[in-house]
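Note that the protein sequences, when read in sequence, are chains A and B. Just so we're aligned: 1579 in the numbering used here is position 319 of the first sequence, and the numbers increase by one with no gaps anywhere. Just so we're aligned: 81 in the numbering used here is position 55 of the second sequence, and the numbers increase by one with no gaps anywhere.
Source of the hints: derived by calculation from the structure; they are not laboratory data. Any given hint might turn out to be false.
[As the list claims (entries may be wrong)] If you anchor each label on the Cβ, the simulated ranges turn out as follows:
1) Tyr-151/B / Glu-1504/A: 20 to 26 Å
2) Asp-239/B / Glu-1326/A: 50 to 56 Å
3) Tyr-151/B / Asp-1566/A: 52 to 58 Å
4) Gln-152/B / Glu-1559/A: 41 to 47 Å
5) Pro-1583/A / Gly-77/B: 39 to 45 Å
6) Gly-43/B / Gly-1547/A: 41 to 47 Å
7) Glu-1466/A / Glu-181/B: 54 to 60 Å
8) Gly-1353/A / Asp-343/B: 37 to 43 Å
9) Ile-1337/A / Thr-226/B: 25 to 31 Å
[Claimed, not checked] Pairs of lysine to aspartate or glutamate residues, derived as EDC-like cross-links and limited to a Cα-Cα distance of at most 16 Å, are as follows:
10) Lys-177/B / Glu-1504/A
11) Lys-1560/A / Asp-381/B
12) Lys-1270/A / Glu-1295/A
Just so it is clear, CB atoms sit at the ideal spot from N, CA and C, and this is done for glycine as well.
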Amino acid sequence: MATATDSKQKPDHVRLTEQGKPVTLLEAIREGLWEEMERDPSVFLMGEDIGVYGGAFKVTEGMLEEFGSLRVVDTPISEIGFTGAAAGAAHMGMRPVVEMQFIDFIACAYDMITNYVATSRYRGSGPVPMVIRGPSGGYVRGGPFHSQNPEAAFFHTPGLKIVYPATAYDAKGLIKAAIRDEDPVLFFEHKWLYRRPQLREVLPNEDYVVPIGKARTAREGTDLTIVTYAAMVHKSAEAAEVLEKEDGLSVEIIDLRTLLPLDEDAIVASVKKTNRLLIVHEDTRTGGIAGEIAMRVSEKAFEWLDAPIQRVTAIDAPIPYSPPLEDYFLPQTDDIVRAARWLANY
Amino acid sequence: MANRTPTKRAAAAIPHGLDREQLLEMYRLVRLTRALEEKLEILFKQSKVIGGLFRSLGQEGESVATAFALRRRADGTGDVLSPLIRNLGSMITIGATPAEVVRQYMAKGDSPARGKELNIHFTDYQRGFIGQISPLGDLVPVMAGVTLTFKQRGEDRVGMVYIGDGATSTGAFHEGINFAAVKQCPLVVIVENNGWAYSTPTRMQTAAKSFADKAAGYGAAADRVDGNDMLAVYGAARAAVERARAGGGVTLIQVDTYRRRGHAQHDAHTYMDPAEIDRWATSNDPIDRYMATLTGNGWASVKELGEIDARIDRELDETIAEVEPSALPDEQEARTDVTAGGPVPGHWYRLDPPDPRMA
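Can you build the whole structure from these sequences, using the hints too?
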C-alpha cells in the first residue's frame, strides 16, 4: 500500500482510485501502468511522443516527470526499432511496455513481432516478457489508418498473447497481468471506449490483476449466446436490452477479454446452455476471429447447436472515413439485434 | 606485401596492448573456427549435418578479432554480441563451444536450441551471445535494446552486432542504428562487406561509396578496416568498444573481406569469378596473413602454431565422437515452449483411436 507521503507526491490524475473516484478506461490503464512502474523498477515505457507530450491520447501523461527519461523513453519514429529494442531489453531482464501511437502502425513491426519476439522462447532464446499496447478501433471517424483492429493478423502467431478489454476494471487488471506475464502480450485499447462516460467506474483501491486467458460473462441469458470483445461488448449489451424488451429474449454475452489464448471452455459452456451462437466483432469478416470460434464450437459442441452459427462483423474493406461510410462499414447495435432475432427464430 | 605486417613499429612490439598469450589465443580461435567448419563439411557430405551448412571461409579472421575486443565473461556480466550466420568465429570467441555447434548442426535433442532452430542460431545470455534470426537486420534493433538496458542500469557493458553488406539495405538496420545513435547506446555495429549477399554483389546493394559513409547519416562514429588483417580489425574493434564503454555511443566499422564459398553448401556460386576467389585464397587469406605476422615478428614459431593445429584437430575429433551418438529430439518436443503455458495441443487424429475431444 502507498504511504501517505507517497500519495502526496503522486499527481492527482493517477490518484482517482485512491480518492474513491470513478475512472474511465483510459484512466484505468494509466493507473495500472503507473502502479506497475512503481512496483517494479524493471518496468519501463517506450514509444513515440509518450514522454514530453504524454502520448497522443495522454495515457502516459506525467510519467516522464515522475520516472525520468531512462524509464519513459521517447523514441524516433521506428516501430521496428523500438519493438526490437524492447525485445533486447526484455532479454536483459527488463519489462518493457511499448506504445504504438495508433495500433494501425503495429503492421510496421509485424516481422519483429512475429518472427523475432513470438518465436524467441521456442527457439531457445528465452522468454520475451514485453507488452505492446496502443489505441485501436473505429467509431471515431479516424479513417483507414487510425481505426484498425489488427488482432486477427497476430491471432495466427503462436507465442503471442492478445488482450482486448471492454471495461475499466478489466483494463487495469489486464494491463497489470500483461506486464507481469512471462510472454509477449499485445494489449489493444479501444479508443472509442477510452473516455466514454458510461464506462466510468470506481475501482478497488488495491493491487489486483485480471487473469489473461479468462473470459467474463458480461450478461447472463438462456436463449442465445453472443461471444464478443472490446467495443462490441457494449453494442451487444445495447442489443440485448432491445431484444429483451421487444422480443422477450434472454441473451447471454461472453466478453472474451483475452483473444489469445482463447477461453474455449467459457464459449463452449455458454453454447451448451443456450444452443445458439452469434459472434460479434468489429474487425472485418474474412479471416476474423469469428471463424476460429465457430470452428472450436463445431469441434466441441456441434450436437448442442440448434441453429447455424452466425456472425456480425465489419465488411471486408479498408476502414472508410466519412460518417455514412464508416457507419455502414462497422457493426451497429441494430445489426446485432437483427442477426440475433433471425438466429432466435431459426 | 607491406600490408601484411600489422604495424610499421619495431617488429618485436605487439600492438593494441595485446600480449603473446592473447595472440596465440586468437590464433587458436581462428584456426578452430576454420577446422570446425571443415569437420562440419565432412559431416555434411556424410548427411550427418541436417539442413544447410554455411562456411565463413576467408572471413574467420574478422569474426574472431572483433569478438576478441569484447569483455568476455561467462557469468552474465560481460559484453554481448549477436552474430550472423558467418560469424562462427565470433561465437567461439565469446564462449560458444564446438560441441554445441556440432549438436546444433546435427539437430540433436541436446543441442542448445533442442532441435527447434538451426546452426549457430542459439543463445546464451550468461556468456553473452544472442542468436540471430534469418530475417536479416532484426538484431540491430534488438541489440539497441540490449545496450539501452546497459545504460538504464548504469552498467559499463557493450554490445556488438554484425550485419552484412546486404542487410544494410533493410529497414530494421536503419531503424536500429538510428535508435541506438539517438539514445547514445554503447553499441558497435560491424558491417561485414564480404562482396556478396547470396548472389547479389555489393554494387547492386548500395550506391554509397562505402558503408562507413553511412555512419555520418546517423551521427555515429565510423571506421573502415582491412577485414583480413586480424590485428588491424582487433585494433579498430577495440577502439570502438572502448568508445562505447566510455559513453561515446555507436560506432559503425566497415570490415572488408571476401566470402570464398557460396551462400551455403548447396550453392554452386557460378555467379562468382573463380579467379577472384583464387586471388583472395592465395594472397589474402586471414589465417595465412596472421601466421606470417606472428612468425615474421618473432611472436610465435611455426612449430608452436603447428602444435596448436594438431591439438585442435584431435579435440574436434573427440568432440564429434562424443556428440554423434546423441539422440534427435523426441517428437513431442515440437509442442513445448511456445509460451509459458505448457505444451500446445497435439493431433487428435494421431491418437489411437482418434479422439476428437482432444482437438
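Structure-based check of all given hints:
no.: 1; hint: Tyr-151/B / Glu-1504/A: 20 to 26 Å; in the structure: violated (56 Å)
no.: 2; hint: Asp-239/B / Glu-1326/A: 50 to 56 Å; in the structure: violated (42 Å)
no.: 3; hint: Tyr-151/B / Asp-1566/A: 52 to 58 Å; in the structure: holds (55 Å)
no.: 4; hint: Gln-152/B / Glu-1559/A: 41 to 47 Å; in the structure: holds (43 Å)
no.: 5; hint: Pro-1583/A / Gly-77/B: 39 to 45 Å; in the structure: violated (55 Å)
no.: 6; hint: Gly-43/B / Gly-1547/A: 41 to 47 Å; in the structure: violated (59 Å)
no.: 7; hint: Glu-1466/A / Glu-181/B: 54 to 60 Å; in the structure: violated (35 Å)
no.: 8; hint: Gly-1353/A / Asp-343/B: 37 to 43 Å; in the structure: holds (39 Å)
no.: 9; hint: Ile-1337/A / Thr-226/B: 25 to 31 Å; in the structure: holds (29 Å)
no.: 10; hint: Lys-177/B / Glu-1504/A; in the structure: violated (59 Å)
no.: 11; hint: Lys-1560/A / Asp-381/B; in the structure: holds (11 Å)
no.: 12; hint: Lys-1270/A / Glu-1295/A; in the structure: holds (11 Å)
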